[in-house]
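Undergrad: Residue numbers (my numbering), protein chains in the order written: chain B, 1 to 708; chain U, 1 to 179; chain H, 1 to 334.
To be clear, the hints were calculated from the coordinates, so they are not data collected in a lab.
Among the clues, some could well be false.
Claimed, not checked - Computed list of chain H residues with no C-beta within reach of chain U, every gap over 12 Å:
no., residue
1, SER76
2, ALA220
3, SER236
What the hints assert, rightly or not - If you want the footprint, here are the derived chain H segments under chain U, 3+ residues with CB under 8 Å:
no., region
4, 86 to 95
5, 102 to 116
Glycine included, each C-beta is placed from N, C-alpha and C at the ideal position.
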Amino acid sequence: MNPDEIVAAVGESRPRIEGRLKVSGSAHYVADLPMPNLAHGWMVTAAVSRGRIRDIDATDALAQPGVLGVLDHRNTRRLNPDIAHHFGPDRSLPLLQDEVIEYAGRPIALVVAETPEQARAAAAALRVTYDAKPHDIEFSMNHPATRPASTLFGPEADTGDLEAELAGSAMVVDELYHTPEESHSAMEPHVATAWWEDGHLYAFDSNQGPFGISQVMASLFLIDPERVHIRAEHVGGGFGAKTICGAQIILAALAAEHLQRPVRVALTRRQVFLATGSRPPTEQRVRIGADADGRLRAIHHHAAFAQSPLAEYIEWCTEQARTLYAAPAIRTELSAVPLNLLPPCSMRGPGASPGSFAFESAIDEVAERLQIDPLQLRLLNQPVVSPVSGRPFSTRRLVQCLQEGARRFGWAQRDPRPRVRREGNLLVGTGVAAVAFIAGVFPSSAAITAETDGTFSVRVGATDIGTGARTALIAVAADALAVGTERVRMHIGDSDLGLAAGAGGSRGTTSCAFAITETAKALREKLGDSARPVTASVDTTPLINWQPAEERYTYSAVFAEVTVDPATGEVRVRRLLGMFAVGRVINPLLARSQLIGGMIGGLSMALHEESVRDPLTGRLVTADFAGYHISAHADVPTIEADFVADYEPQDPSGFNGLGEIGNAGTAAAIANAVWHATGTRHRTLPISLSRVIERAAAQDRPEAVSVA
Amino acid sequence: MTDDTRSEITLRVNDETYRLAVDNRRTLLDALRDDLNFTGAKKGCDHGQCGACTVLVNGQRVVSCLTLAVAADGAAVTTIEGLAGDGELRPIQEAFIRLDGFQCGFCTPGQICSAVGMLAEHAAGWPSAVTRNGSPHRAGELTEEEIRERMSGNLCRCSAYPSIVRAILEASAREAVAG
Amino acid sequence: MRAFAYQRTTQIRDALNLIAQHDGARFLAGGTNLVDLMKAGVESPARLVDIRSLALGEIGETPDGGLVLGATATNSAVAADAQVRLRYPALSQAILAGASGQLRNMATVGGNLLQRTRCAYFADPSEACNRRVPGSGCSAINGAHHNHAILDWTEHCVATHPSDMAVPLSAFDAVVRYETLDGTGEIPLSEFYLPVGNRPDRETALPDGALITAVVIPAAAVASKSRYRKVRERASYAFATVSVAAALDVQQGLVQDVRLALGGVASRPWRARLAESALRGGPATAERISAAADVEIAAAEPLRDNAYKVTLARNLIEAVLTELAADAGEESNG
């Protein structure tokens, strides 16, 4: 076929390649994969927030029918105590090694039986006693244990004379913002099936990057990484919670080794809440000084987040402050507060989502106090180069997002005064937020084989957790090979496929696309030779420029319209519109889905989500979907997400990731709309009805809002 | 001595009859998945709080995680695997693919089974919490608002909700014909 | 979950005998709550007696113009029933405001009434809970109780009753009909749920071993002008924060009959008799509606973190009664 006749696949909207499997129940997730001679492990978690296990009496449990064994710290093999994970040494990973408990929900035992029912019943018969110690879950930025966060992501910003600029400002906003502990809540609970053969560990595991997990497992079990084989073909969502090496695979591997047979550990929904990671609570102080004309002079964003004493973590809330707007002085600070909480892990839009809520609320407050249109204020303060590093942006189409979004949303018709728009008993308001999300690639490798039948087999260790990676990468490969997509066979989701970025950090697809593009180039050089099959492979590690001369971000402007019933405090989002600059879009259909999904995640964060712990015991009270509310169908209005033309020059194909930016700006846009509707600024998430009604009742008795 | 904590049951699943012995504790969801290998129905919460396990029992949508298998003895069960006949997808399945009504796909079998049950409920004139001035004797218009309310028992964390609603709406007329 | 025996029967007598003859035997209907609590280890029956094959699924009329809802009629069937929708619209609306379509297809009338509180401490056997283990204490009273009771609670329990359906049934003076081996009996819904007192584990006045066979709703003209409004933490598929079932009949400008009950505020559906008395006989003006809401809520005693529910309950009573009064005004004008 003449390459000129091949329609470029990149840029075309195409349904998911695995769509038919997914709508017919034929896509097999980890718990769907049968395994002969399978035993079932039931995880048992600590009921105290801090202390030591005094005793685990397994007598009754072991006497129950079908029970094969109980693993705890007294009979479990040693794991590598010096294991490291994403943010450095991670003492949360070596499970069942000692009596120490640093958070309620810590896995402390595994009961293994022939059937799940037997394992569950036996786990209930396990008698665990503790020597509880005083715990601390009282999060505050001013906590005595507060300390600077890890600087693994680089130093915080400090340019200009902050105090002098604040002193010289006509107006200073200085406010505190709070976001709660949240739970990722992927629909598929974490599950793994593990077995050992000839010193090799095999596992089906629900994770966001099997290659990375295989490396951690090898280090944890102190075996050659070549001997760890992890597959994650279909994954039922992750949102960050499956970027970490989960308790399910560690426990399954331990039990499989102990019993010399395959073991599945399927966490219950409750255990997912208790034991698999969370977005930590944050407290953020934002100070912004501005001249009367709206020109920003000083930006100070200090964010604190909770973490575990067991491992470092970074909730990088201060990213917006250093890149969204120009100001002569910008300072950011990031603090960590170690508490007896579930160790946090990145959750969709880590740092950016809570950070944007605080920062873009504060920007809105600047506009409010200066009586400047919040959209105009944002446009007025756009930087030409990075306000902190002074480096140029590789591409920055935020202004286009703001302007085009405003046009479609009808922003020009907006009355800027709060609490003036009413429909019956309802107050109506609109709000906007801008957001940037750092972009880039991680090292990955790919191999492509030109087969004898004319097809091309692409092997890349990508994962498709719902991102559409499988479908997107087929298009990328087809274009890079200059063939039709029907000739591309994509193999992903297996650690044996080699080094590959996981589906995280908005970089999974971009990183693997980069590897595929480079591999295709290498293969095409070999295709002149008629020998088939012929294979080329490339590892992008040496190709990645970690110190590029330009700053690389994606951008978005989100517009929201809400209604508020002041008598009940009910807030409903009626319209959401997001305009996105995310580089060249591989598949608009799937990209739009992902962005809209992210925006709904932001809606859910804004209005519903909050993990609540018992103030006395520190235990999670909201450990199910009746207590931890995520948006349901009825909460979700019509949503528009669209793209401005964009191209990322740092990527060979112009791509950037878009997995998280939809989430990141939405909560702030909604909070700003709630202010516009009610006249009350909500600086604490979620904006739940109890918060809204308390304020509404205090300042506006229902009589005053009766229908005119 | 017979073990009265186990039972012999008959399930008619997707028009095939199965006899099986179950622990009385076994849920219909686990029986479908682990005994009969119908793994399309998913265990998202095991508490009736997410809808991923939705199947049709005697034509009505239910959560199979809170249905004991033994209590379903004799019932006709339709799972996602039984919705499509002879390799032909139903209109609603086609619409889900075309309009991208899913991302990770984990909740999808439950969404689709629920939608099929929901459309039948709507056609039978059953009201919902957002049905206004509905006649008790005939179905009202199936609006997006109606679909959202009626489908709220099916959570989707990827939040494909808008596409799901559109897919159901688009397919509803043809689904009614497909029966 | 403890292993258990299972039996299904088609005769009420057989079902009652099975319960009487076996320790730890429980009736199973829709199972939406019982099976869930069995998984959590809160309930551990030794035997389940499946009553869905009993002939108790009918919805019919009483000779005096009321309705009889069979105990095993599903929530969906009751909500969709034409007579229910025409004569007791708040009942249909309340059921539809609860749970999800799937759960309503499973859940039954009797099971809905007997469902247990959704207090998270009750559902977790590792927590102290007087309702689950008498004398063990109440974790919620000083714990996370944002959505707990504001009325009628004691230091022994601050949980709320989760049923939506029971709220309008309370407003409509429904009667629970049951059967035991000794015969049949009836309990007005107003006496069906016991006050918390010092034994929150004793939830209903139903005799031991009794089977609910039906709920009878007396005829009431006012019920056709009724409405249910539920406020919750998301738009659907969540338990009530506060809900209101109200019915209002205005004749010649005067409140002829009024019914009002609240959900989500107490350990049982809260019949708002003080507000009803305040309104009955006079005009349905904004001032009188507001005063009625105030008088009912005056007794509320919020916990540390749920004072918002007092405001919410008050506002919601006012909002629903105002809507009904407006409807009545439109009717008399039109």
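Undergrad: Look at each hint and say if it fits the structure.
TA: Tested hints:
With a least CB separation of 7 Å from chain U, H:SER76 falls inside the 12 Å interface cut-off, contrary to its annotation. With a least CB separation of 18 Å from chain U, H:ALA220 remains clear of the 12 Å interface cut-off, as annotated. The beta carbon of H:SER236 is not kept farther than 12 Å from every beta carbon of chain U, the shortest such distance being approximately 4 Å. For the region 86 to 95 of chain H, the assignment as covered by chain U holds, since 3 residues bring a beta-carbon within under 8 Å of that chain's beta-carbons and 3 suffice.
A stretch counts as covered by a chain when three or more of its residues have a beta carbon under 8 Å from one of that chain; for the region 102 to 116 of chain H and chain U the count is 4, and the coverage holds.
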